[in-house]
Amino acid sequence: MVDVESHTPVKATDRLLSVPNYHFTSPISTSSDSIPLNTLPTGSHLSRESLVNSISKPRRFAIPYQNKLQIISVAVHVLAIAITIVIVQFRLREIYWFDQTAKLDVFGMEIRAESNTSALQFAAKIHEALIQASLTAMAFHIIRHMLRGQGVSFGVLDGVYRLGSVPWLWSKGLWGALHKPSQYQNFLFAIGLAMAAVYANVIAPSSAILLTPTLDWWKVHDAFNGQNFTTLITGNSSRVFPSY
Numbered sequence: 010m011v012d013v014e015s016h017t018p019v020k021a022t023d024r025l026l027s028v029p030n031y032h033f034t035s036p037i038s039t040s041s042d043s044i045p046l047n048t049l050p051t052g053s054h055l056s057r058e059s060l061v062n063s064i065s066k067p068r069r070f071a072i073p074y075q076n077k078l079q080i081i082s083v084a085v086h087v088l089a090i091a092i093t094i095v096i097v098q099f100r101l102r103e104i105y106w107f108d109q110t111a112k113l114d115v116f117g118m119e120i121r122a123e124s125n126t127s128a129l130q131f132a133a134k135i136h137e138a139l140i141q142a143s144l145t146a147m148a149f150h151i152i153r154h155m156l157r158g159q160g161v162s163f164g165v166l167d168g169v170y171r172l173g174s175v176p177w178l179w180s181k182g183l184w185g186a187l188h189k190p191s192q193y194q195n196f197l198f199a200i201g202l203a204m205a206a207v208y209a210n211v212i213a214p215s216s217a218i219l220l221t222p223t224l225d226w227w228k229v230h231d232a233f234n235g236q237n238f239t240t241l242i243t244g245n246s247s248r249v250f251p252s253y
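Under the working numbering, read the sequence shown as residues 10 to 253, first letter to last.
Mixed in with the good hints, there may be bad ones.
What the hints assert, rightly or not - Computed list of lysine to any residue pairs in SDA-like fashion (alpha-carbon distance at most 25 Å, straight line):
#: 1; residue 1: K181; residue 2: L166
#: 2; residue 1: K112; residue 2: Q130
#: 3; residue 1: K134; residue 2: L172
#: 4; residue 1: K228; residue 2: T126
#: 5; residue 1: K228; residue 2: W106
#: 6; residue 1: K134; residue 2: T93
#: 7; residue 1: K112; residue 2: I96
#: 8; residue 1: K189; residue 2: R171
#: 9; residue 1: K181; residue 2: G158
#: 10; residue 1: K112; residue 2: F99
#: 11; residue 1: K134; residue 2: G158
#: 12; residue 1: K181; residue 2: D225
#: 13; residue 1: K189; residue 2: M155
#: 14; residue 1: K189; residue 2: I200
#: 15; residue 1: K112; residue 2: D225
#: 16; residue 1: K134; residue 2: R171
#: 17; residue 1: K228; residue 2: G244
#: 18; residue 1: K112; residue 2: A232
#: 19; residue 1: K112; residue 2: I218
#: 20; residue 1: K189; residue 2: R153
#: 21; residue 1: K228; residue 2: F107
#: 22; residue 1: K181; residue 2: H150
#: 23; residue 1: K134; residue 2: E119
#: 24; residue 1: K134; residue 2: M204
#: 25; residue 1: K112; residue 2: E123
#: 26; residue 1: K134; residue 2: S215
#: 27; residue 1: K189; residue 2: V175
#: 28; residue 1: K134; residue 2: E103
#: 29; residue 1: K134; residue 2: E123
#: 30; residue 1: K112; residue 2: V87
#: 31; residue 1: K112; residue 2: K134
#: 32; residue 1: K134; residue 2: Y105
#: 33; residue 1: K228; residue 2: F238
#: 34; residue 1: K228; residue 2: V87
#: 35; residue 1: K112; residue 2: K228
#: 36; residue 1: K134; residue 2: V87
#: 37; residue 1: K112; residue 2: P222
#: 38; residue 1: K181; residue 2: P222
#: 39; residue 1: K134; residue 2: V207
Because the hints were derived from the structure by calculation, they are not lab data.
Note that the structure is a prediction, hence the values are computed from the model and not measured.
Build out the structure end to end from the sequences listed, making use of the hints.
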């Protein structure tokens, strides 16, 4: 290998390892205030404003796809529990809904009491769907854990897809797992799945009963807006309460 400028032979390693002796006009600061090269903006010119703006930009974090699925799966359980607590509190606190002959004005539309009752029944149906989705998600989580171990029987596996079906409670798949207590994982999971199936079928009428208003006596506070309607009755008791 020959140097073009000096026309003297040099080794290839000397050319590869040689560093040109450039003169720097300003020293490079190695302190903690120095700007890393990977933060410099790309462009034809650099300025103090561009360097400051590139450093002061807030960092953004992207949620991975797997984390989004986990958040959605947790949201199903949270919604089911929250709505259940609200429905139970409505019944325990004896919330007054509306009169039977009342008409509600919603965005200029008159809604009668029958429509209000239908809306409450629709809310009860949504509550039932959330409960069944929550139970199904928990059952699938347990099955994935069991498949990594001793496995799961096909009869019990079929019950996850028929969680809201009443005939599954006397199917051969369920009772076949219950007749083998030696396989304790399938035995316990079959019992839990049967209880979840019963709960999933009972939650629909229970939610509708709790949400549907019932006729009863209610305490009305300040019924006459602070006005005193005291009635004075003159006469003896025989005239006020006659015996005939």
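Point to revise | Unsatisfied constraints (hint numbers, rising) | key: Numbers 11, 12, 17, 30, 34 and 38, in rising order.
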